[in-house]
Structures are given as C-alpha cells and as structure tokens.
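Protein chains in written order, with the working numbering: chain A, 5 to 145; chain B, 3 to 425.
Don't read these hints as lab results, they were simulated from the structure.
Treat each hint with caution, since some may be false.
[Claimed, not checked] Some chain B residues close to chain A (C-beta under 8 Å, calculated; not the full set):
id, residue
1, L141
2, Y326
3, E328
4, P354
5, D365
6, P404
7, L405
8, D414
9, T417
10, W420
11, Q421
Heads up, the beta-carbon is just placed ideally off N, CA and C, and yes, glycines get one too.
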Amino acid sequence: MAYSNKVIDHYENPRNVGSLPKDDVNVGTGLVGAPECGDVMKLQVKVNPATGVIDDAKFKTFGCGSAIASSSLATEWLKGKTVDEALAIKNTDIVNELSLPPVKIHCSVLAEDAIKAAIADYKKKQAAEAKTADTVAQPTA
Amino acid sequence: MTLEGEAFSRAERDDMAIKLPIYMDYHATTPVDPRVVEAMLPYFTEKFGNAASRNHPFGWEAEEAVEKARKQVADLIGASAKEIVFTSGATESDNLAIKGVAEMYREKGNHIITCVTEHKAVIDTCKRLEKDGYRVTYLAVQKDGRISLEELRAAITDKTILITIMAANNEIGVIQPITEIGAIAKEKGILFHTDAVQIVGKVPFNVNELGVHMASLSAHKMYGPKGVGALYVRRRNPRVLLAPIIDGGGHERGMRSGTLNVPSIVGFGKAAELCKQEMAKESERLRGLRDYLNDKLHKQLDELYINGSMDHRLPHNLNISFAYVEGESLLMGINDVAVSSGSACTSASLEPSYVLKALGAGDDLAHSSIRFGLGRWTTREEVDYVADKLTSVVSRLRDMSPLYELAKEGVDLSTMQWQTEGH
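Kindly generate the complete structure, drawing on both the sequences and the hints.
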C-alpha cells in the first residue's frame with residue numbers, strides 16, 4: 005500500500021507519544037478499538053482548569069501506519085483547543101489532511117472516537133470532583 | 003558462478019555488500035535462476051515450434067524439449083514422465099485435480115475432505131463444488147497447524163471420493179502428515195490430492211513413498227518462471243482418471259488442452275533438475291540461517307510467538323507474531339525488507355490471516371505476525387540486517403503501543419472490555 009508523505013512523516017516522527025497521569029483530575033483518557041480488530045488507540049488530554057484549554061495531549065497506538073498517523077495528528081490538533089473546539093474535530097478532517105485511502109477511513113473514525121472518549125472521561129472526572137467537593141464542603145457550610 | 007551447490011560461492015557472497023531492499027518472501031515467489039533463464043532462451047526464438055506439430059522438425063524439437071522437462075519434473079518427485087500434466091500454474095492444477103475428480107467420480111460419491119488452512123485455490127474450488135451439490139468437510143487444525151488423523155478418519159463416509167490436504171502450508175510452513183494421510187486414503191480406497199507447491203524442490207517429496215495420487219506443483223516457487231505448473235496424476239495403483247476443465251485439442255492426454263508453453267516448461271524442467279541436485283545442501287544451509295534468525299530475534303526481543311509447529315516445518319520458513327505490535331506498521335518500519343504479514347491491514351478484506359486464526363492463537367497475534375521466507379540467495383548478512391532492523395522497529399513500536407504498556411502494568415488484555423463495534 006502506498007502511503008501519503010504526511011502519513012509517513014507521522015509514522016516516522018510521531019508527535020506526542022507517551023502517557024499522562026491517568027489519575028490526575030485534569031486528565032481525560034480515551035482507550036478505543038480492540039486488539040483483535042488490529043487497532044487500539046489510547047489518547048489523553050490535559051485540560052487547564054482555569055481556561056478550559058487543552059494544554060497537553062499524548063497518545064499511544066497499536067495499529068497500522070494510518071492509525072498511528074491519525075492519532076498523532078489528533079494530538080497535534082488538540083493542543084491549544086478548548087474542550088468544545090476539540091469535540092468539533094471530525095474524522096473527515098483527518099482523512100483530508102492525511103489523504104487516507106477508503107480502506108483506512110476506519111483509522112480516522114477511531115481517532116475521532118478517541119478524542120470524544122478522552123473528553124468524556126475528563127468531563128466525568130470533573131463532575132465527580134465537583135460532587136466530591138460539594139460533599140466534603142457541606143459539613144463546614 | 004559455481005554450478006554445484008549454490009548459485010554464488012561463499013567467497014563471492016562475502017564480497018557483496020548488502021543490497022537493499024532485501025527479499026525474504028520466497029513463499030510468495032522466487033527469482034528465476036539464471037541457469038533456468040539460459041535454458042529457456044532458445045525456445046523463444048530459434049526453437050519456437052509448437053510441440054503438437056507432428057510433421058516437421060520445429061515441432062519435433064519443441065516436443066523433445068517438453069518431454070525432457072516432463073522427465074525432469076517427474077524425477078524430482080519420483081513419478082514417471084507420463085504422470086505429469088503441465089498446466090498454467092498450481093491454481094489450475096488444484097482446480098483440475100479437485101473438479102476433475104468430482105466430475106469423474108460423481109457416481110461413486112459426492113463428498114470431499116479438505117482442511118481450513120488450505121490455499122484459496124483449494125478452498126474456493128471446494129466452495130464452488132458445494133454450490134453444485136457436493137458436500138465438503140473442512141477439517142480444523144490443531145494448535146501446531148496439523149490436522150488430526152482421528153478427525154480425518156471420522157470424517158470419511160462411503161460417499162467420500164477425495165481427500166485434498168496440502169503438503170506444506172504457504173504461511174506457516176507446517177508440513178502435514180502426508181504419509182499417514184496417504185495410508186488412510188489407500189486403506190479406504192479414496193483418492194488423495196495434495197497441493198505440494200511449497201514443499202517440492204525444498205525437501206524430498208516422493209509420490210510413491212508418500213502414497214499420493216495427485217500433487218500440484220508450481221515452477222515459480224522453485225526458481226522457475228511464473229505461469230507454468232503441473233499436476234502429477236498417478237497412472238497405476240490406482241490409475242486416476244480426471245474430467246478435463248479446459249476442452250480443446252486434447253493436449254496432455256486430454257486432461258489439459260491448449261498449446262504447450264514450451265519455453266516455460268523447459269524452464270520448469272531445468273528448475274526441477276537444479277532443485278534435485280542442490281536441494282539437500284540448500285535446505286541445510288537455509289535451515290541454519292532460519293534457526294539463526296529465530297535465535298537472534300529471541301535473544302533480542304521478548305514476547306515472540308512462533309506460529310505453527312517448529313518440528314514439522316519447511317526449513318526455510320519462519321512465522322512469528324511480535325506481540326503488541328501491529329503487522330502493517332511493522333512492515334512500514336522495515337520497508338527495505340520484503341516479507342509478508344498476516345495482518346488485516348495488508349489486505350483489502352480487513353480480516354487477518356485465516357490460517358493463523360485457525361491455529362487458535364487469537365486475532366491480535368494474527369495481526370502481529372510476520373512471515374519470513376528464505377531462499378537460494380539469502381545470506382547470513384541479510385539475516386543479520388533483518389533481525390537487527392526488526393529489533394529496533396519492534397522496540398520503537400512497543401514504546402508506542404498502549405497494549406504493551408497495559409501488559410507491562412500487569413493488566414490481562416484478554417479480560418479487558420474492548421470496544422469492538424463498528425471497527
């Protein structure tokens with residue numbers, strides 16, 4: 005299969021590979037895909053609680069070159085975006101940027117799912133945190 | 003070039019710097035040996051006759067060349083020349099054997115036994131016959147890639163007319179218990195066909211010792227040209243009769259009409275002769291290199307899984323799953339090495355190798371597999387290069403793999419809930 009230069013570049017020089025602390029309340033983690041399907045993406049965002057802007061994003065991907073490139077590109081795009089802006093990223097944007105062929109579109113879908121899962125996890129944690137803060141705060145109030 | 007043993011002497015090989023890309027996919031195809039090309043060349047130009055022209059020297063010359071090649075191919079497998087039917091390749095040979103028996107022995111029965119890890123040329127031919135009212139049993143394989151002889155015995159009915167089981171698998175190189183299958187077929191009076199494409203010319207294969215009634219052969223897997231193959235069809239004990247699938251001028255004793263591809267057949271013959279002469283030495287050399295590759299990879303990397311039996315395997319084959327790394331991304335990282343992967347992403351179907359799935363190893367390991375096929379021109383230097391390159395790429399991709407990270411954290415991946423829907 006012939007890859008676009010952008011896919012090759014992301015494969016050879018992946019941006020933002022790594023992990024953020026899963027337990028940090030400002031970190032959202034998305035883990036999507038399945039080993040038996042041949043691709044699993046872990047995508048993490050770290051949100052600045054004061055501004056709501058994504059300060060940092062990291063990924064790890066088990067998958068083909070297009071899956072690695074899709075998640076690498078996603079982390080690049082996420083940095084500096086607000087949570088709402090991040091949710092607006094569509095898989096078709098990734099397809100266009102990386103010139104993915106039809107058989108690789110599922111890689112971009114997975115990357116979009118990973119973004120949504122990471123942000124959902126972040127929001128869930130924030131909601132839980134707010135609730136804990138309430139219950140902790142109550143006796144003194 | 004030396005004529006005995008190897009195409010290049012050791013000294014000549016040592017002088018050669020590694021030339022990239024490295025070809026290590028000899029199960030897919032092989033380069034034509036220069037000695038084969040040399041034998042073929044006159045038959046394109048000055049010796050261009052039609053082997054079926056009985057009235058002039060051009061035809062006689064071509065026929066003589068074809069008959070010499072027929073003998074060379076027959077000699078390689080312990081057959082007699084009259085038992086060799088030339089075809090366009092092993093896919094046609096498989097079709098001819100299976101469809102030919104099915105039609106010819108329809109009165110006797112309608113049941114065929116094969117196996118799930120067969121080449122598509124066999125499986126799809128059987129599927130076609132199922133549509134025409136035949137019944138097919140697809141035997142499972144054990145974890146080592148071999149069929150169970152008990153299951154084979156149990157599958158036989160009084161309607162069984164054919165057993166077709168490959169000699170050696172094209173992906174995992176696993177050699178089936180051909181002698182034992184041959185004995186069962188003989189005992190039950192059932193015809194036995196084997197797709198012998200990967201084994202012939204690599205390790206000794208004698209149709210009489212093995213009790214084989216039909217065997218499919220391909221020239222381009224044994225350093226001959228593409229587009230030519232053969233079907234061995236036994237002529238006595240028992241005499242196998244086949245209905246042709248191509249009708250026409252009655253060539254090849256009516257079993258395969260069509261003007262013979264004389265230059266390619268000459269090349270096939272020469273390739274068979276060379277294999278017969280050099281097979282013993284060559285397979286020993288390749289076994290040494292294959293084992294060296296395997297040892298080296300195991301020393302440099304952890305979590306490697308060999309697919310299929312190591313004891314019953316072609317000497318030049320290795321099929322390894324590099325756990326937690328996806329096969330296509332691995333191939334992308336070693337793009338100056340030509341190997342194959344069982345990963346889904348290497349095919350348009352998005353399904354991982356059905357052969358590896360049949361071993362029960364799990365789809366994730368099928369996605370992580372690489373097939374190495376060593377051959378006549380593989381050098382130790384190439385093996386070193388491939389092993390080192392793979393080590394660095396696998397290590398890099400594992401650092402990038404969420405599965406490797408989870409496994410190292412002690413998470414049991416098989417018990418995790420994965421989101422499989424829609425992917």
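Evaluation of the provided hints:
| no. | hint | in the structure |
| --- | --- | --- |
| 1 | L141 | violated, 24 Å |
| 2 | Y326 | holds, 6 Å |
| 3 | E328 | holds, 5 Å |
| 4 | P354 | holds, 7 Å |
| 5 | D365 | holds, 3 Å |
| 6 | P404 | holds, 4 Å |
| 7 | L405 | holds, 5 Å |
| 8 | D414 | violated, 12 Å |
| 9 | T417 | violated, 12 Å |
| 10 | W420 | holds, 3 Å |
| 11 | Q421 | holds, 6 Å |
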